[in-house]
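A.B. asks: Respectively, the protein sequence lines represent chains C and Z.
First residue of the first sequence? That's 0 in numbering that gives the first Met the number 0, and the numbers climb one at a time after it.
First residue of the second sequence? That's 0 in numbering that gives the first Met the number 0, and the numbers climb one at a time after it.
These aren't lab readings, by the way, just hints derived from the structure by calculation.
The beta-carbon is built from N, C-alpha and C at its ideal position, and this holds for glycine as well.
One should not assume that every hint holds.
To be verified - Restraint ranges, calculated between C-beta atoms of paired labels, are given here:
#	chain 1	residue 1	chain 2	residue 2	range
1	Z	I118	C	D55	37 to 43 Å
2	C	I168	Z	F33	53 to 59 Å
3	C	D88	Z	F33	27 to 33 Å
4	C	A232	Z	R210	57 to 63 Å
5	C	Q130	Z	N17	23 to 29 Å
6	C	Q130	Z	I118	18 to 24 Å
7	C	T63	Z	R210	44 to 50 Å
8	Z	V199	C	G126	36 to 42 Å
What the hints assert, rightly or not - Taking beta-carbon pairs under 7 Å as the criterion, some of the chain Z residues facing chain C (in silico):
#	residue
9	D119
10	G123
11	P138
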Amino acid sequence: MIEFENVTKTYPDGTTAIENVSFSVEAGTTTVLVGPSGCGKTTTMKLVNRLEDPTDGTVSVDGTDNRELDEIDLRRNTGYVIQEIGLFDHRTVGENIATVPKLVGWDDERIDERVRELLDLMDLSRGFRDQYPSELSGGQRQRVGVARALAADPDVLLMDEPFGALDPITRDRLQNEFLDIQERINTTILFVTHDIDEALKMGDRIAIFDVGEVVQYDTPQAILDDPKNEFVADFIGEDRSFKRLDITPVTEVMGPPDGEYAAAIDGNTDATTATDGGSSYDGEALSPDDSVKAALDRLLRSDAPALPVVENGEVIGVVADEHIRASFGRRSDARQGAT
Amino acid sequence: MAGAIGTFLAGMQYLFSNLPEFFDLLQRHLALVFVSEAAAILIAVPLGVVAARYDRARGPILSVGNVAQTVPPLAVLALAFPLLGLGYRPSVVALFVYALLPVLTNTIAGIESVSENTIDAARGMGMTENERLREIQLPLALPVIFAGIRTSTVINVGTAYLAFFIGGGGLGSWVISGINLFNMPQVMAGAVSGALLAIVLDLGLAAVEGRLSDSGVEMTQSTA
């Protein structure tokens with residue numbers, strides 16, 4: 000748990016990076032700090048591992064003011080990933096990953112095992128271990144960067160635009176992989192980005208920064224549903240309904256499988272279900288991991304009034320227009336009239 | 000042209016007919032170069048580290064190095080004479096002073112060429128300032144530092160000829176006394192052998208430098 004209490008950071012030259020910022024990050028969750036460049040989000044992050052110290056207010060980690068902690072110990076217990084990665088070019092991938100474990104004095108066997116574990120976790124083949132960073136692609140380098148940050152099992156992970164320098168396809172892939180990893184590692188993550196889509200995708204909670212202050216701190220859903228002011232609304236962009244659809248899983252909006260659309264579903268599936276299993280729906284069926292946006296896309300392209308959500312070959316629910324609209328708190332009267 | 004070739008051949012003949020003396024001179028020359036160079040490395044590298052780390056020390060350190068380099072080598076030798084007398088030791092001191100700057104500037108440049116991001120990452124991972132220096136900055140700066148050592152050594156081979164003026168010996172004995180006596184074969188024998196020595200050292204050190212900058216990373220590891 001990380002707590003910011005009335006934190007102000009003013010640099011010696013008089014510029015104020017952040018002013019009176021308060022929020023707390025619950026243990027095991029991911030909080031994304033998002034805002035335009037120069038809004039103080041990176042400074043805020045650096046206050047956590049004391050790369051910067053606040054001018055006023057306190058930053059506490061698990062209830063202890065972090066200025067009472069030894070900064071070297073604090074940093075060794077805090078993973079740190081930056082956009083530029085900053086791999087050590089004179090060391091192999093394995094040695095890079097082993098940096099912090101070595102600093103804190105793990106024995107060779109334990110380090111060896113941990114490096115292997117992390118290569119697997121980051122989906123890097125073991126062969127990379129003895130290669131040098133200069134031999135890797137951008138995506139691979141950032142995987143190594145993340146592996147290095149996780150090496151000593153830190154309680155807190157700080158990530159400063161970790162995927163910002165990657166091409167869109169690699170970025171998307173790494174984001175998805177990282178979401179997976181995030182579920183497995185139970186680390187408190189503070190993630191900085193200027194990309195609202197990335198924020199909505201990665202964050203359990205999002206802190207939106209405007210010059211030096213947190214304007215809104217809430218869950219992605221809440222921010223999309225109810226942007227606090229014009230700045231937030233502008234920052235999210237015109238298409239916030241789409242964004243919301245994109246981050247909502249179909250399981251949240253779907254109706255019961257035996258409801259009013261049962262017949263439509265039966266008809267729909269019967270036609271294509273010669274075999275069993277999810278794949279037999281011929282792209283029409285949705286999986287529980289699909290977003291509502293994907294569901295809407297397929298609804299628009301198909302004649303069916305509703306689509307089944309299938310898990311392990313079993314229909315667990317249906318999604319129709321009205322379910323999607325209902326999730327916005329409005330009912331589609333026109334649609335109801337039609338059915 | 001024929002004259003030049005003739006002089007060269009005569010020079011080689013002189014060299015081979017005076018081999019024992021040549022080896023004495025060469026040995027002395029190498030002793031001058033290596034001892035002064037080793038001392039220069041021992042002093043300049045730590046000074047460079049200090050200069051790279053503390054902005055305030057940087058100006059004074061660099062100006063000392065600059066002054067040492069700007070004064071003509073002959074003048075450095077001339078200055079060493081009233082202070083330290085004649086012979087081998089004052090020569091080494093003078094050559095040492097003259098060899099400092101290339102190593103010093105390259106040490107500073109090498110350390111400062113390590114990218115900010117790498118340092119930021121090292122800091123963020125909880126490396127102390129000394130650990131950053133030892134494990135990150137120096138190993139990464141090593142090829143650049145070594146390039147400075149190479150330049151300095153090659154210059155040193157040439158400068159060491161002048162040591163003869165204050166009784167330091169070396170290949171300068173043949174060249175300078177040869178000039179005074181118009182003994183061209185002797186001049187040639189001393190000059191050509193020194194030139195070859197400089198080329199061999201340059202190539203040898205370049206090979207080491209090359210290994211340091213690519214795969215030589217392992218070398219840094221094993222010595223660290």
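A.B. asks: State for each hint whether it applies.
C.D. replies: Going through the hints against the structure:
1. Z:I118 to C:D55: 37 to 43 Å: At 28 Å between Cβs, range violated.
2. C:I168 to Z:F33: 53 to 59 Å: holds, 56 Å
3. C:D88 to Z:F33: 27 to 33 Å: holds, 32 Å
4. C:A232 to Z:R210: 57 to 63 Å: holds, 59 Å
5. C:Q130 to Z:N17: 23 to 29 Å: violated, 55 Å
6. C:Q130 to Z:I118: 18 to 24 Å: The hint (18 to 24 Å, Cβ to Cβ) holds, given that Q130 of chain C and I118 of chain Z are roughly 23 Å apart.
7. C:T63 to Z:R210: 44 to 50 Å: holds, 48 Å
8. Z:V199 to C:G126: 36 to 42 Å: Since V199 of chain Z and G126 of chain C have Cβ atoms about 40 Å apart, the given range 36 to 42 Å holds.
9. D119: Holds: closest Cβ of chain C sits about 6 Å from D119 of chain Z, inside 7 Å.
10. G123: Since the shortest Cβ distance to chain C is 3 Å, the answer is holds.
11. P138: holds, 5 Å
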